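With chain U held as given, fit chain G onto it using these hints.
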Amino acid sequence: MNFKLKIWRQTTREAKGELKSYEIEDISPATSFLEMLDILNEQLTTKGAEPIAFDSDCREGICGICSLTINGEAHGPSHPAAACQLYMREFKEGETITVEPFRVRSFPIVKDLVINRSALDRIVQAGGFVSARTGSAPEANSILVPKHNADVAMEAAACIGCGACAAACPNASAMLFTAAKISHLALLPQGQPERSRRVLRMVRQMDEEGFGNCTNTYECEAVCPAEISASFIARMNREYAIASLRERMGE
Amino acid sequence: MIVAVTGLVLILFVIGHLLGNLQIFLGPEWINGYAEKLRQLGMLLWVIRGGLLIAVLLHIYYTIRLAIENRRARPERYKRKDTVKATFASRSMVLSGLILLAFIIYHILHFTVRATDPRFNTLPLDPLNHYDIYSMMIYGFQNPLVSGFYLLSMFLLALHLSHGSSSFFQSLGLNNQKLTARLARGGRIFAWLLFLGYSSIPVAVLLGWVKLHTRS
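Protein chains in written order, with this note's numbering: chain U, 1 to 251; chain G, 252 to 467.
Next up, chain U with everything else stripped away, as it sits in the complex:
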């Protein structure tokens, strides 16, 4: 298959970037999107040109490092999937494909398509620790977790922290990410001791990082490779409302 590519090139964080056009030929439909970029980079390197910088690691949708906006959609047109799980057969022969980085003020561009998502790490850090007994492992059934809670907590914990939610959000809000992180501990007995403090600190850190606000468009859940439901945002709003009420009452 042959494609025309428009790819965002930007040399440094401060430099002005632009979309540059490339053409690539003889790509097998079974090639993954990132492999296609590898092939393009090989051709660029052979020609002595600067290869396109992009992030990738596990290439199986687990690590959450790949972060491309392909044809205007975070992680590309195939949902739910990370950019690494996207294959060239999803595109039409001869199609022009636009590739941009995730555009969020809190994710500064490092180079080309590589962004810095430390803001998400700082939100998780703000959550702090979980009080747990150290030493020998407790008896497995000594802490009871209802099946439903375990299932919902597991759905929230599936978040791979890729930041596609913020990238797709019309407001560049990271509420789906933060909601998933808050929910999975709030649902489990192990997360109870710090439950209030955690939601307050994480939400405040999220605001401090300069993300936008949720206007309930649910664009985030549509692109999430881990299929995190936007109903976790409602849960976070609930957790936050209760926690800030308790804080105000001096608890």
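One should not assume that every hint holds.
Pairs of lysine-lysine residues, derived as DSS-like cross-links and limited to a Cα-Cα distance of at most 30 Å, are as follows [what the hints assert, rightly or not]:
#1 G:Lys336 to U:Lys4
#2 U:Lys92 to G:Lys330
#3 G:Lys336 to U:Lys6
#4 U:Lys20 to U:Lys111
#5 G:Lys462 to G:Lys288
#6 U:Lys92 to U:Lys20
#7 U:Lys6 to G:Lys330
#8 U:Lys111 to G:Lys330
#9 U:Lys4 to U:Lys47
#10 U:Lys4 to G:Lys332
Keep in mind that the hints were calculated from the coordinates and are not lab data.
Bear in mind the structure is a predicted one, so any value in this text is a computation, not a measurement.
Okay, now just chain G, sitting in the frame of chain U:
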């Protein structure tokens, strides 16, 4: 949260306002009697008006502030951006809201202050000095421009509320996975019922179903 709560206050108002206005179909005695009852509330009416004004101002102040924050959160726009799930209504809340604000100002000047139509002040008051709301509505909506703007505004109101009414539950955390779809559907049905209700008045006037009453 403030946006959601003030939004709810305004939703309750548009429901009440619609129920009041639909009394035009029951005849001049009903609607003029209803208007008179409102005026008899005296101070309470001004408290309600003041409350609504505060709700409107807070709703606008906080949404504009949020909208500015949201724009700042993405200084460099996408060259190409596709939406997967977000509805048109959800993406145009600021625009539909601002046009509605213009409508509300006009609407109050039109019917409450009676500043835009000189005929309103020549309408005879009844023996007890009551305004003839029924004739005011008919005069007003007989003008296709007024009715047209009204219909457009009601369309935008429905659009605004088709997103806003279910959004309220999400923002206050009164939502879960099962409820999301139901609330969204309920919100849309509610919004379009409001549109039908409000539009029925100018349409009925334009088509001549509701006529000026002859005085005996």
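The hints, checked one at a time:
1. Annotation: proposed proximity of Lys336 (chain G) to Lys4 (chain U) holds, straight-line Cα distance about 27 Å (limit 30 Å).
2. Only pairs whose Cα atoms come within 30 Å are accepted, and Lys92 (chain U) paired with Lys330 (chain G) is accepted, the gap being roughly 21 Å.
3. Annotation: proposed proximity of Lys336 (chain G) to Lys6 (chain U) holds, straight-line Cα distance about 25 Å (limit 30 Å).
4. With a CA separation close to 14 Å, the supplied pair Lys20 (chain U) and Lys111 (chain U) stays within the 30 Å bound.
5. Distance restraint check for Lys462 (chain G) and Lys288 (chain G): the Cα-Cα separation of roughly 23 Å lies within the 30 Å cut-off, and the hinted pair is therefore satisfied.
6. For the proposed pair Lys92 (chain U) and Lys20 (chain U), the alpha carbon gap of about 20 Å is at most 30 Å, so the pair holds.
7. Restraint check for Lys6 (chain U) and Lys330 (chain G): the C-alpha separation of about 10 Å stays at or below 30 Å, so the hint holds.
8. Between Lys111 (chain U) and Lys330 (chain G) the alpha-carbon distance is near 17 Å, which keeps this suggested pair within the 30 Å criterion.
9. For the given pair, Lys4 (chain U) sits about 18 Å from Lys47 (chain U) by alpha-carbon distance, which is consistent with the 30 Å threshold.
10. At roughly 18 Å between alpha-carbon atoms, Lys4 (chain U) and Lys332 (chain G) fall within 30 Å of each other, so this suggested pair holds.
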